[in-house]
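Number of protein chains: 2
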Amino acid sequence: MAVAAENQSQPPQNDLPYVLILKPPAAFSIFGDHFFHSPKFQFLKAFESPLPLSQFLLTHAQSVQAILTSASGSVTADTIRLLPHLGLVVTTSQGINHIDCSECRRRGIAVAGAGTIFSTDCADSAVGLLLDVLRKVSAANRYVKQGLWSSQGNYPLGNKLGGKQVGIVGLGSIGTEVAKRLEAFSCSISYNSRSKKPSVPYTFYPNVVELAVHCDALIICCALTDETHHLIGKEVLSALGKDGVIINIARGPIIDEKELVQCLIKREIRGAGLDVFEHEPDVPVELLALDNVVMSPHNAVCTTESLEELRKTVVGNFEAFFSNEPLLTPVPLDDLPHLSARKQQKVQCFITINMAFLGLQKVDRFSGKGNGSIS
Amino acid sequence: MAVAAENQSQPPQNDLPYVLILKPPAAFSIFGDHFFHSPKFQFLKAFESPLPLSQFLLTHAQSVQAILTSASGSVTADTIRLLPHLGLVVTTSQGINHIDCSECRRRGIAVAGAGTIFSTDCADSAVGLLLDVLRKVSAANRYVKQGLWSSQGNYPLGNKLGGKQVGIVGLGSIGTEVAKRLEAFSCSISYNSRSKKPSVPYTFYPNVVELAVHCDALIICCALTDETHHLIGKEVLSALGKDGVIINIARGPIIDEKELVQCLIKREIRGAGLDVFEHEPDVPVELLALDNVVMSPHNAVCTTESLEELRKTVVGNFEAFFSNEPLLTPVPLDDLPHLSARKQQKVQCFITINMAFLGLQKVDRFSGKGNGSIS
Chain A
25 MAVAAENQSQ PPQNDLPYVL ILKPPAAFSI FGDHFFHSPK FQFLKAFESP
75 LPLSQFLLTH AQSVQAILTS ASGSVTADTI RLLPHLGLVV TTSQGINHID
125 CSECRRRGIA VAGAGTIFST DCADSAVGLL LDVLRKVSAA NRYVKQGLWS
175 SQGNYPLGNK LGGKQVGIVG LGSIGTEVAK RLEAFSCSIS YNSRSKKPSV
225 PYTFYPNVVE LAVHCDALII CCALTDETHH LIGKEVLSAL GKDGVIINIA
275 RGPIIDEKEL VQCLIKREIR GAGLDVFEHE PDVPVELLAL DNVVMSPHNA
325 VCTTESLEEL RKTVVGNFEA FFSNEPLLTP VPLDDLPHLS ARKQQKVQCF
375 ITINMAFLGL QKVDRFSGKG NGSIS
Chain B
25 MAVAAENQSQ PPQNDLPYVL ILKPPAAFSI FGDHFFHSPK FQFLKAFESP
75 LPLSQFLLTH AQSVQAILTS ASGSVTADTI RLLPHLGLVV TTSQGINHID
125 CSECRRRGIA VAGAGTIFST DCADSAVGLL LDVLRKVSAA NRYVKQGLWS
175 SQGNYPLGNK LGGKQVGIVG LGSIGTEVAK RLEAFSCSIS YNSRSKKPSV
225 PYTFYPNVVE LAVHCDALII CCALTDETHH LIGKEVLSAL GKDGVIINIA
275 RGPIIDEKEL VQCLIKREIR GAGLDVFEHE PDVPVELLAL DNVVMSPHNA
325 VCTTESLEEL RKTVVGNFEA FFSNEPLLTP VPLDDLPHLS ARKQQKVQCF
375 ITINMAFLGL QKVDRFSGKG NGSIS
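Line by line, the protein sequences give chains A and B.
All you need for our numbering is the position in the first sequence, starting with 1, plus 24.
All you need for our numbering is the position in the second sequence, starting with 1, plus 24.
So that you can see chain A by itself, here it is in the shape it has in the complex (with noise of 0.2 Å):
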């Protein structure tokens, strides 16, 4: 399988079968070419080469049997139909919105994500960072290392995290796997939704006001849409109350942050833990003197551990599907509606992990609001 003489990122010329890369995922850009290595393919990358994207695909149309995306690298009908022998677009994002789907299940082109592998890490987040600003962790532990201890005596008690009515606004993975959790701390869980879930013991309330009306904690674990936009502003934060304490673990723009500060300065809100910002990594300097806030920069997503599993998710569906077997993680399309390109950049069905933690922040931030969302 002969590759074109202008590519200059000639692959090696061997038999392996091609998986076409048009931008890097994260962990590729940060950890090269060997993390997603196998001995079973071989990568096609066509980010490194001078040809217009277009000029690439007609000069390895005949070659491509696969492709390798992320949340922030689209694949649209118009690639798709470039490419005549492509059966698999695998994503290392656990959404699907960036992907043409419609085109894919049109033509038989198989889909794989991430799975859930991400769900977990950032459930456990948000239940850390809870229980930090409920019981003071890092403002104890501030206070510990500053000699404080013993010159100044006992640090303020914190408040208990059992019995507390908490209130998950989008009950997806995430969201669901925060609830699980929450359970064994003996919490109450309600939650806010699109549509009530019928197979869920919880609590629902369609508006998230009244959601907060009823809870002493509020975790967002829902989609970045044109509708989520700050979904969360002066009128929750005050249903919320005096008492509540904000959690955010999905995308900075659900919460009208400059609303949030004021209630946090003012104490109008008991406190907050907060992974994502609105303009991250700029975070607001109010924020930076408050001991009731507690941020983590964008790293609820993932661990070390996910991302070795990732790698092996990645590499074990390419291996799957160049050996016929069945993918370890396929998205069913038959699953989806039936929507366009455009309107499929709001699907909310899938989590869709933005990898900016890994060091793409200013390729990935806010590419669209729509995309590299959580739901």
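Just to be clear, a hint being listed does not mean it is correct.
Unchecked claim - Straight-line distance between alpha carbons at most 30 Å, and here's what the computed BS3-like set of lysine-lysine pairs gives: (1) K169(A) - K266(B); (2) K266(A) - K336(B); (3) K169(A) - K266(A).
Unchecked claim - Not close to chain B: a few residues of chain A, all C-beta gaps over 12 Å, as computed: (4) S62; (5) T83; (6) L106; (7) E127; (8) R218; (9) P225; (10) F228; (11) L255; (12) P277; (13) L352.
The set of hints was computed from the structure by calculation and includes no laboratory data.
Positions of the beta carbon are idealized from the N, C-alpha and C atoms, including for glycine.
Assemble chain B onto chain A, guided by the hints.
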């Protein structure tokens, strides 16, 4: 019921029954008499009298129907024998090894404790510290608050909690609550205890070194006794290994702190979450700068909510007693082994909560290895 004139802290002359306080519980000292106020009884405060205790007790022998004590206030057989109308001892602690239960049983005196009020807070703290160390919550929070995210990029990824092998040293009520929570995070639980617990599904290791060999994290929940003093030393820490994490919410001296400090400095274990220390409130200075160490000032045990629950439980027990109603949290003395007063100091069947966090460190601290301990 007349009260001797020589009592400087002479109680009001009313008909309310008397509850004797030999040494004020921490909550009493901090919040004052009204913390345990009730219209159904009044306090007789031996600690405010200039009289020697035996003389005070002789003076009021006919008046005292009940005693309020705490983990740091012993109720000895000698005291009990001086009070012919004593019918109830209520302690603010979960444990009762500071009360001569043999004498109570012999005399038919009821004993009530704090029940398991504090177990859940302790367990929450253990999980919070474990999550913090693994996911670098406090360290990443510090990084963001120092403004380093935008200037220096992402913070290193943490480690996943799910799937970790967690070993619990001491599977009492706190250890059991820790296990329940960690099961919801998909951790595998094993434990070390004085004996295998037949009704528990977790793997039992009779030896702590063996437990550590098989674990990614060790959580210390056992009592401090002669047997557990420096139970966690070089051998256990080496067995835990360089990826291992240790959490201590029990008592500082259970860990050989010098060895722990060396292991942490040399990164021979991954990290530590410490609520207790050998010489608290003094903390080893070597730990202050370590990002892999999260510390709290011996406040794992309590929150404002559990303190309020304690208040209701203590008052409720006295009110029930004086109304001939069943006690709220009676301790079944018939189940206790027949131990001498001396040996009772080592009974690990119950959890004694050190109320040091409420400001009495210097009073309570190291009043005895078998006292103020968690099992």
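Sort out whether K266(B) lies within 30 Å of K169(A), counting only the CA atoms.
23 Å, holds
Minimum Cβ distance from R218(A) to chain B greater than 12 Å, as the annotation requires:
26 Å, holds
Far enough from chain B: is every CB of that chain over 12 Å from the CB of P277(A)?
Holds: least Cβ distance 17 Å, greater than 12 Å.
Reported absence of F228(A) from the contact zone with chain B (all CB gaps over 12 Å):
Holds: least Cβ distance 22 Å, greater than 12 Å.
When you check the alpha-carbon spacing of K169(A) and K266(A), does it fall within 30 Å?
29 Å, holds
12 Å cut-off, C-beta based - L106(A) kept clear of every residue in chain B:
35 Å, holds
Minimum Cβ distance from L352(A) to chain B greater than 12 Å, as the annotation requires
Its Cβ never comes within 12 Å of chain B, the nearest being 18 Å, so this holds.
Are all beta-carbon distances from P225(A) to chain B longer than 12 Å?
Non-interface label on P225(A) holds, nearest chain B Cβ at 15 Å vs cutoff 12 Å.
May I ask you to check that E127(A) keeps its beta-carbon over 12 Å from the closest beta-carbon of chain B?
The assertion about E127(A) holds, with a minimum of 34 Å to chain B.
Hey, K266(A) versus K336(B), does the alpha-carbon distance stay inside 30 Å?
Holds, at roughly 24 Å.
Beyond 12 Å on every Cβ pair: is that true for S62(A) relative to chain B?
23 Å, holds
Would you say T83(A) is clear of chain B, with no C-beta pair closer than or equal to 12 Å?
Given a closest Cβ separation of 36 Å, the condition holds.
Hint compliance for this structure: every hint is met.
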